[in-house]
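Chemist: Spelled out from the first residue to the last, the chains are:
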Amino acid sequence: MGLALELVCPAGNPAALRAAVDAGADAVYVGFRDATNARNFPGLNFSRKEMTEGLDYAHGKKVKLFIAINTFPHAGDRGPWIQAIDDAAAMAVDAVILADIGLLAYAADRYPDLRRHLSVQASASSADSIAFFSERFGVRRVVLPRVLTVDEIAVLNADIDVETEVFAFGGLCVMAEGRCSLSSYTTGQSPNLNGVCSPASAVAYEREGRDMVSRLAGLTINRFPEGEAAGYPTLCKGRFSARGTTSYLFEEPTSLNTIDILPDLAAAGVSALKIEGRQRGRAYVAEVVASFRRAIDGMDGGKDGRVRLAAMSEGARQTEGVYRKSWR
Amino acid sequence: MAKLTLGPLLFNWSAGKRRDFYARIADEASIDAVYLGEVVCAKRAPFSDPLLPDLIERLERAGKAVVLSTLGLVMSAHDREMVRRTCEVADRLIEANDLSAVHRLAGRSFTLGPLVNVYDEGTLSYLAGLGAIRACLPPELPLKAVRELAASRTAEIEVQVFGRLPLAISARCPHARAYKLHKDNCQFVCGEDPDGLPVATMDHQPFLAVNGLQTLSGAYANYLGDLPAMRDAGVQWFRLSPQDCDMVRVTMIFRSALDGACDGEEANASLAGLIPEVEFADGFLGGAAGRSRCKPS
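If you're matching them up, the sequences are chains A and B in order. So in this note's numbering, spot 265 of the first sequence is number 265, and the numbers just go up one at a time. So in this note's numbering, spot 283 of the second sequence is number 611, and the numbers just go up one at a time.
FYI, nobody ran anything at the bench for these hints, they're computed from the structure. These numbers come from a predicted model, not from an experiment. You may find that some hints are simply not true.
Said to hold, decoys possible - Label-pair restraints from in silico Cβ distances:
| id | chain 1 | residue 1 | chain 2 | residue 2 | range |
| --- | --- | --- | --- | --- | --- |
| 1 | A | PRO225 | B | PRO534 | 33 to 39 angstroms |
| 2 | B | GLU416 | A | ILE261 | 35 to 41 angstroms |
| 3 | B | GLY588 | A | PRO80 | 52 to 58 angstroms |
| 4 | A | PRO225 | B | ALA528 | 48 to 54 angstroms |
| 5 | A | ARG317 | B | ARG389 | 54 to 60 angstroms |
| 6 | A | ARG48 | B | GLU388 | 56 to 62 angstroms |
| 7 | A | ASP34 | B | ARG436 | 49 to 55 angstroms |
| 8 | A | ALA90 | B | ASP382 | 34 to 40 angstroms |
| 9 | A | VAL155 | B | MET329 | 44 to 50 angstroms |
| 10 | A | LYS325 | B | VAL576 | 58 to 64 angstroms |
| 11 | B | ALA390 | A | VAL155 | 40 to 46 angstroms |
Stated by the list, open to error - With a straight-line cut-off of 30 angstroms between C-alpha atoms, the simulated DSS-like cross-links for lysine-lysine are:
| id | chain 1 | residue 1 | chain 2 | residue 2 |
| --- | --- | --- | --- | --- |
| 12 | B | LYS331 | B | LYS508 |
| 13 | A | LYS62 | A | LYS49 |
| 14 | A | LYS325 | B | LYS508 |
| 15 | B | LYS472 | B | LYS508 |
| 16 | B | LYS371 | A | LYS325 |
| 17 | B | LYS623 | B | LYS331 |
Every residue gets a Cβ at the ideal spot worked out from N, C-alpha and C, and that includes glycine.
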């Protein structure tokens, strides 16, 4: 028996988009090549022409395309964000994923028929905040912040009348998304304003004796003894010192993987699963999407898919994250 | 006219410490408005809420306006109930720190706290249309953006100018983790660190502070050198965030700087003399890394 879960997959370039479509995505989410989306990395994302071609490819295979316009407009300069919404509407994409109230108001007013999803960056974690967005801007689906347990999601779904989408696999934010300025405090660039967290331009790896040290804007984020794989210095997944002890104070460098709790998520009333990773390559996207496709369709042989997914995870360590209360 | 405010106490202070603190603020501080209420962790509220009626009465008797702040991260039914109770207080200005509170407050006058994402004029004007009369902006906004928002003249603008900056909030409690405890059985260890628990890098460089579910800047914001530029940009409300130091003196220093009774340099010297162990930062205002210090003290 398959599960009634829509599989929403990332694509950071046209090749990844085709890979996601071919591997069994129900929908693919993408962004324009500028600061209007939360994966504003060099060499990533779609020009207008690539977007149109990607949309044709997806629709040709009955797969939906969502455009994430989920950073916050710069005061006095919201032109690029307005342009992104106008272009998405003109292309007749299946949904836009928005976080900013002003942009939601604009989209709802100007393009009432353009389906609106609420980005995780809007941090809507309760029935009241979701009601705010659904009643005022006709938001049809909310991507839930990774602050809720499966039980809390079930309670929430009983209280709201819009769809919910949850993160199923990939990088895991420890902090409530869209409400974190750790990156700008450290580097001057933030997810909300610049679409980047712990940006690669601020990263340095240096060998010190036998250790590999990872730094962000000159600050030591982690130190790896010989033999330990040196991970990317994402701020909230670094080792820090408090009360005389050095530890992964906020979160270990793990990856989210919900493949074992998909029936629980479906039972909690979740409508869609989101795979994180628009910065990932085509091979990664194809493998993860195919594994989740099989799991959703009830065709997962069990072990094989899990082993392949494990190999895809950051530091090869996985967690069901906040979906279990014990994580807190 | 520049107004000075005292933001909500972010730390888990004992009842006695709170009473003494606000009694001194009431009697000795030249402050226009004081924000009260638990913003960080719902688990603390049963201990701090019962003090509120007395604190409000004490502050109002001393001529201070009192604003009630709502919880920042609203997850469970219990959290929702806490926000509902605050928003149902009819005769008082409420500071919304989450959109669930805005949802409940729409249609009456309210203020927006720094945990609500107001980044551009479109959002500010929409929320002003719902009743927001003032917005304390997210800490990462540069002065350029502050100026644009103030110029829209839809709501008055408030900016935090002193104290550790609220950088992040999580469902998980890093404070309990630092004490090798779990959130459900946290033993309220955040009470052990009345100014936040300092977090350093592996190279012992001071960096952040954790405070329950919240992560704060390690450095205190100190925008004394920027007050004239901020006033020029249209900021009308200047927020001091309570720290575990002589806040009455801090208030006086900012008051005289705002009133032009002393210049930024003098004021900075006084503040540095008052809390010599504290590192200051002002990077966000200039669009730089928030932890950097552009105006030398």
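Chemist: Hints first: check each against the structure and report whether it holds.
Modeler: Hints versus structure:
For the pair PRO225(A) and PRO534(B), the beta carbons lie near 24 angstroms from each other, so the given range of 33 to 39 angstroms is not met. Separation of GLU416(B) from ILE261(A) is about 37 angstroms and conforms to the stated range, judged on CB atoms against 35 to 41 angstroms. Against the hinted window of 52 to 58 angstroms, the Cβ-Cβ separation of GLY588(B) and PRO80(A) comes to about 40 angstroms, which falls outside the hint. Between PRO225(A) and ALA528(B) the CB atoms are about 20 angstroms apart, so this pair departs from the stated range of 48 to 54 angstroms.
For the pair ARG317(A) and ARG389(B), the beta carbons lie near 57 angstroms from each other, so the given range of 54 to 60 angstroms is met. Separated by about 58 angstroms at the C-beta atoms, ARG48(A) and GLU388(B) satisfy the suggested range of 56 to 62 angstroms. Distance hint check: the CB atoms of ASP34(A) and ARG436(B) are about 38 angstroms apart, inconsistent with the given range 49 to 55 angstroms. Restraint check, ALA90(A) to ASP382(B): a C-beta distance of roughly 60 angstroms breaks the suggested window 34 to 40 angstroms.
Distance hint for VAL155(A) and MET329(B): a CB-CB separation of about 47 angstroms, consistent with the stated range 44 to 50 angstroms. Checked against the hint of 58 to 64 angstroms, the pair LYS325(A) and VAL576(B) fails, with Cβ atoms roughly 42 angstroms apart. For ALA390(B) paired with VAL155(A), a C-beta distance near 43 angstroms keeps the hint of 40 to 46 angstroms intact. Pair hint LYS331(B) plus LYS508(B) does not hold up; C-alpha atoms about 42 angstroms apart against a cutoff of 30 angstroms.
With a CA separation close to 20 angstroms, the supplied pair LYS62(A) and LYS49(A) stays within the 30 angstroms bound. For the hint linking LYS325(A) to LYS508(B), the alpha-carbon distance of about 16 angstroms falls within 30 angstroms, and the restraint holds. For the hint linking LYS472(B) to LYS508(B), the alpha-carbon distance of about 42 angstroms lies beyond 30 angstroms, and the restraint is violated. As the CA atoms of LYS371(B) and LYS325(A) are separated by approximately 16 angstroms, the hinted pair is consistent with the 30 angstroms bound.
Taking the CA atoms of LYS623(B) and LYS331(B), the gap is about 23 angstroms. The hint holds against a cut of 30 angstroms.
Violated hints for the displayed structure, listed by number in ascending order: 1, 3, 4, 7, 8, 10, 12 and 15.
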